[in-house]
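Chains as they are written, first to last, in our numbering: chain A, 309 to 555; chain B, 14 to 459.
All the pointers check out, no bait thrown in.
Just the calculated beta-carbon pair ranges, DEER-fashion:
(1) A:G447 / B:T383: 30 to 40 angstroms
(2) A:R379 / B:I386: 45 to 55 angstroms
(3) A:E369 / B:T383: 43 to 53 angstroms
(4) A:D436 / B:I386: 47 to 57 angstroms
(5) A:G399 / B:A177: 54 to 64 angstroms
(6) A:S315 / B:M45: 50 to 60 angstroms
(7) B:T383 / A:S315: 46 to 56 angstroms
(8) B:M45 / A:E369: 48 to 58 angstroms
(9) B:V328 / A:L433: 53 to 63 angstroms
(10) A:G447 / B:I386: 35 to 45 angstroms
(11) B:A409 / A:R384: 44 to 54 angstroms
(12) A:S444 / B:A44: 20 to 30 angstroms
(13) B:T382 / A:G447: 29 to 39 angstroms
Cβ-to-Cβ under 10 angstroms is the rule here; a few derived chain B residues that face chain A:
(14) L20
(15) A23
(16) V294
(17) R295
(18) P298
(19) G299
(20) G300
Just so you know, the hints here were simulated from the structure itself, not pulled from any lab data. Note that the Cβ used here is the ideal one computed from N, Cα and C, for glycine as well.
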Amino acid sequence: MRVLQASGLRFTYRGSPEPALRGLDLEVGEGEIVGLLGPNGAGKTTAIALCTGLLPVQEGEVRHFGEDLRRAPVARRRLLGIVPQEVALYGTLTVEENLQFFGRLMGLRGPDLDRGVALALERTLLTDARSRPVRSLSGGLRRRANLAAGLVHGPRLLFLDEPTVGVDTQSREAILESLVRLSREGLSMLYTTHYLEEAERLCHRVVIMDQGRVLVAGSPGALRAQHPDCMDLRALFLELTGRDVRD
Amino acid sequence: MTDFLRLVLAVCGKEVRLLTRDRAGLIVLFAMPLLLALVATVVQDRAMQLLAAPQLDLLLLDEDGGEAGRILEEGLRSAGIFTVSRTLDGVPVTEEAGQRAVGLGRYQAMLRLPAGASRETRARAQGLAARLMSTERRAAPPDLQDLPRPPRPILRVDPVLPDAYRKLLRNVVGGVLQGYETRLLVEATAQEIARQAAAAIGAPLPEPVRQAMETIPAAALAMSPLADPDERVATDQPWLAMPSAAQQNIPAWTIFAMYLIVIPLAGSMIRERRDQTSLRVRMAPGGPSASLLGKALIYLGVCGTQFGVLFAAGVLVLPLVGIGGFAPGAQWPGALVVGLATALAAVAFGLLVGALAGSPEQAALFGATTVVILAAIGGVMLPLFVMPEPLKALAAWSPLGWSQRAFLDLFLRQVEIAAVMPWIGRLLAFSAIGTGLALTWSRQQA
Numbered sequence: 309m310r311v312l313q314a315s316g317l318r319f320t321y322r323g324s325p326e327p328a329l330r331g332l333d334l335e336v337g338e339g340e341i342v343g344l345l346g347p348n349g350a351g352k353t354t355a356i357a358l359c360t361g362l363l364p365v366q367e368g369e370v371r372h373f374g375e376d377l378r379r380a381p382v383a384r385r386r387l388l389g390i391v392p393q394e395v396a397l398y399g400t401l402t403v404e405e406n407l408q409f410f411g412r413l414m415g416l417r418g419p420d421l422d423r424g425v426a427l428a429l430e431r432t433l434l435t436d437a438r439s440r441p442v443r444s445l446s447g448g449l450r451r452r453a454n455l456a457a458g459l460v461h462g463p464r465l466l467f468l469d470e471p472t473v474g475v476d477t478q479s480r481e482a483i484l485e486s487l488v489r490l491s492r493e494g495l496s497m498l499y500t501t502h503y504l505e506e507a508e509r510l511c512h513r514v515v516i517m518d519q520g521r522v523l524v525a526g527s528p529g530a531l532r533a534q535h536p537d538c539m540d541l542r543a544l545f546l547e548l549t550g551r552d553v554r555d
Numbered sequence: 014m015t016d017f018l019r020l021v022l023a024v025c026g027k028e029v030r031l032l033t034r035d036r037a038g039l040i041v042l043f044a045m046p047l048l049l050a051l052v053a054t055v056v057q058d059r060a061m062q063l064l065a066a067p068q069l070d071l072l073l074l075d076e077d078g079g080e081a082g083r084i085l086e087e088g089l090r091s092a093g094i095f096t097v098s099r100t101l102d103g104v105p106v107t108e109e110a111g112q113r114a115v116g117l118g119r120y121q122a123m124l125r126l127p128a129g130a131s132r133e134t135r136a137r138a139q140g141l142a143a144r145l146m147s148t149e150r151r152a153a154p155p156d157l158q159d160l161p162r163p164p165r166p167i168l169r170v171d172p173v174l175p176d177a178y179r180k181l182l183r184n185v186v187g188g189v190l191q192g193y194e195t196r197l198l199v200e201a202t203a204q205e206i207a208r209q210a211a212a213a214i215g216a217p218l219p220e221p222v223r224q225a226m227e228t229i230p231a232a233a234l235a236m237s238p239l240a241d242p243d244e245r246v247a248t249d250q251p252w253l254a255m256p257s258a259a260q261q262n263i264p265a266w267t268i269f270a271m272y273l274i275v276i277p278l279a280g281s282m283i284r285e286r287r288d289q290t291s292l293r294v295r296m297a298p299g300g301p302s303a304s305l306l307g308k309a310l311i312y313l314g315v316c317g318t319q320f321g322v323l324f325a326a327g328v329l330v331l332p333l334v335g336i337g338g339f340a341p342g343a344q345w346p347g348a349l350v351v352g353l354a355t356a357l358a359a360v361a362f363g364l365l366v367g368a369l370a371g372s373p374e375q376a377a378l379f380g381a382t383t384v385v386i387l388a389a390i391g392g393v394m395l396p397l398f399v400m401p402e403p404l405k406a407l408a409a410w411s412p413l414g415w416s417q418r419a420f421l422d423l424f425l426r427q428v429e430i431a432a433v434m435p436w437i438g439r440l441l442a443f444s445a446i447g448t449g450l451a452l453t454w455s456r457q458q459a
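Next up, chain B with everything else stripped away, as it sits in the complex (with noise of 0.2 angstroms):
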């Protein structure tokens, strides 16, 4: 063994064993790290779950009690996004009740069909209907305002209800009772057009003919498939299009994790300079070099556990609390590549903030924020989807976010390792401008 790699097996020896007794320091590096992955899944899945398929319950007060009232409830019901309940506590929901449950978030919505609302509506149809097929001639649409008007429904919703679920819930009726007004109308028309044939024919109309004008309303709201769009998610393996949330949270926070690094290990550096262990460590032959080699393997070793624990808590804790998604399988190999990329970034960049830094405090203060900032940008603490247009174009800058988009292309795209190079480049090349402004940096301090 050469006298340099004892040198550095003596620095990794020192740093190992203050490491392992600065119990705020592996807080820091492990427990907080984990504590937040768990926790940020655990959140993000309820979330994302809502997003993916949100169950909202709601009461119908129907006052009408005709097929209006029931057409709505079908739909309504057929949409998969709706529980509709007409009862409150067993018995029959009233206004004042109803309101009171909305509004203390018990029920999202309640839906009050007034009286009336099927007879006016079906009334309607039949006057616009008549008015339509009237062999009058007339230069201008027929005037409607003397047709009968149906009242109209009231919605009351829970007042936390975001505003995307108010507007799908008013989508969702409005299509419904639109449908029912629009199969009124055809009907009404249908009979129309068949008692003007009778009367022109003086005769009842033959048999074939009568059927074939009953089926019109519903050939005619069966005919577009322009209403019913063919859904497919852009990528070659539909089934990982959408991340889940261990998907995304597991490699981010593990990203972060490894970043933390920078508060020990700048806080070492100049730790060493302020009580002058430095002078020490550069009186010795091939020390200083020995001790920035040392330093950087046992952080990348640090960044190495980092990565063990957390990946086995996704895979082994997260399905515990009912949370799947998180299964790396066939992409290890890739995985640990990206692992180590970044762990040579953060320990450079570790390394870099101990160089510049004149205070551990400052370090901590600077080094911390800084990697709040590029985890933010970097789309590590948020999916880059659900954020601003600027923000996203920010992310290109973020070394983390170098990382988190090399993981989620070979977890959740499946793409070969070839394919997260240029990603793992940048990470390397980060590595290496960092590690050598940050040797630069002290020897000009030294």
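With the rest of the complex left out, here is chain A (with noise of 0.2 angstroms):
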């Protein structure tokens, strides 16, 4: 089944003229990684934000699940989770606190939400650090918190929008690790990241978009396969995006 599938979005901003998206399609399958590629302002936060409801569809259609968003019910949207680019908590509380906050606001309560915080605790390795406030932890620590803030409540399906910026080495390969074992679970995903060795080797299929249109898509080895004179995602990339530098 389809977790989720966009098809034909355009989108244009207020005060904008020129459309941030020029027909997107995107799919996403059960247990699947998508990794959403391109250079700044190619349109990924918006294809994001229109895939989860944060912005309203103005042209296109967006499905989880099968059913179009806007007829679903609101409670619909329980079944996904997001992992925001900035680290999405409050720092005098404690990471444990958070968890608690996020699940009820994403109606758990009572056991339903104590085992929720615990699950999302335990897959990102936070357990011991559960009584920290989120201020006090390292940058690693944070990113994973904020990894287990969007899985409180057990999400169907997962947006990520480069969730391991500026952490070191370690803290990246905790994440990743968790990704996996999450995927493998059956949580899908729809992943943005400007590290394409990271797609590389977490994404089932990406999907590499410039100027608010898909170039390319698939998996990184029919990717490479297709372009064989590109050893690697990289040289794909910037073989279809170009050399120069962006805003």
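Could you fit the two chains together into a complex? Lean on the hints.
Structure follows, in structure tokens:
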């Protein structure tokens, strides 16, 4: 079953002469990690905002679990999770208090909430840091706590916007291993990153986009096979999007 | 319990944790306004006591030694404003020592009455009476050039004495001495009339006539009620006409404190946008509404706590430092309603600044500055009656001023709550408009 299906998405921000998306198509299957790659300004964040319902669809369609986002019950949003680019947590609250709050916000309570918090802590290897205020954590631990907050309510589709920015190698490894385990457990993910080797290693499929359009889509292996002159994803990315520095 | 209510409670719990762990925020919200209220009340109480019943210490250097000095001292004392001393450090005051003491601020003024003041004044009055009663025919007032001229008293004042007190002192001294001169003139005139009448009839005046003539000066000086206006305050309850320092300051600084929530409230909204916790909130069904409602409820609670703390300080702490005058008494219900309307307006203002400002720093600067300006023009920092007319007109546009007027009407004029409904209505309208604009703007930013 297609967990996420976006087709023909076009979106123009108010006051902007150019559309941010020009007919984007995207699909994420069950347990699949799809990497959404592109230079700055390609439209990745806009695509995630439309797919999560944070921005209203102007043109095109977004379906979650086969149902149109605009017609689906609001409670269906509880099946979605998000890990924003920033560490979207309250610094003076402990890790556990943050997870409890976001869990409650997503409708958990009682034993379900306790179980969700414990599981999210365990999956992100944060059980020992549960009582520490977020502001006292290192950058890597904060990023893991950010991931845990997206997992606490047990979503079936997770949107991750550059979740490993600015973390050391060990924490990045921990985060990537967690994501692989979650994918094996059936969690579907739409993942944006500028670290192409990370996408090549983690993602079942990647979508390279620029200027609001999909340039190519497929598994990293298939894309390499289609472009034999590109030795890796980075080379393919640069060939497709050019070497000009973006804003 | 509905899901939405659970969400609101979750937001409330989170906000309480965030607030109670923000020590600087707690100081801004509670300790600073409390300190401001107490200090301002004590300072203003002293200033109002001076305004209401100034007490000036005077030195009297009486070189004359006659009745002018005695009458002047009695007149100054009876004014109830001055203490008069003829000695300095236990010895009779001298020109140099008195001037030094006044210059140092130990005394507010020294009045020197030169030698001969009494004698020359009496001689001038007698000379004037003789010329006024002269039987010579004349077309113009008599020439007074050659009459004796008493020496002028000399007044030395403390250089920092406010101008109003200088004028007050001059008026009192002038009034007393003018009264003395008038009495001498009337006495001299009466004596001259008696003398001329006796000369005309060629015999001493009959005793009843002579006694009647002697009463003329006292009767003349006591005749006019024009000089003693009947003073009444312009209210049905005259004992409540002037605000005490506590009546002015406790409600004023409570209002000010309530509006200070703009800093943490707007700051928290902006931080949530900036660190993207708002994205998670918006992903939750009902999250944005629950988040705003939860914040609003908690900050209403903060305002309620500020109201309780500051009013309790007014009732319980101020009397410990000798300042009374704040006893809401039967006006508690009205005060609570005004307090609630003020809190709603303050929260709406916080939400609006949170929606409009781009950073917590911007919100803190803009919010705090705006609150100070609105407080100043609204008569919160200083009573409206001491402000210039243009600022009084501006007070009509300050929500803080509306609250202050409502509190003063309740506590000072003892009006019913219905009488302050226009102010409450304005506050509620401000709250509704502010919240509506904040919601609209927040949605647009989302």
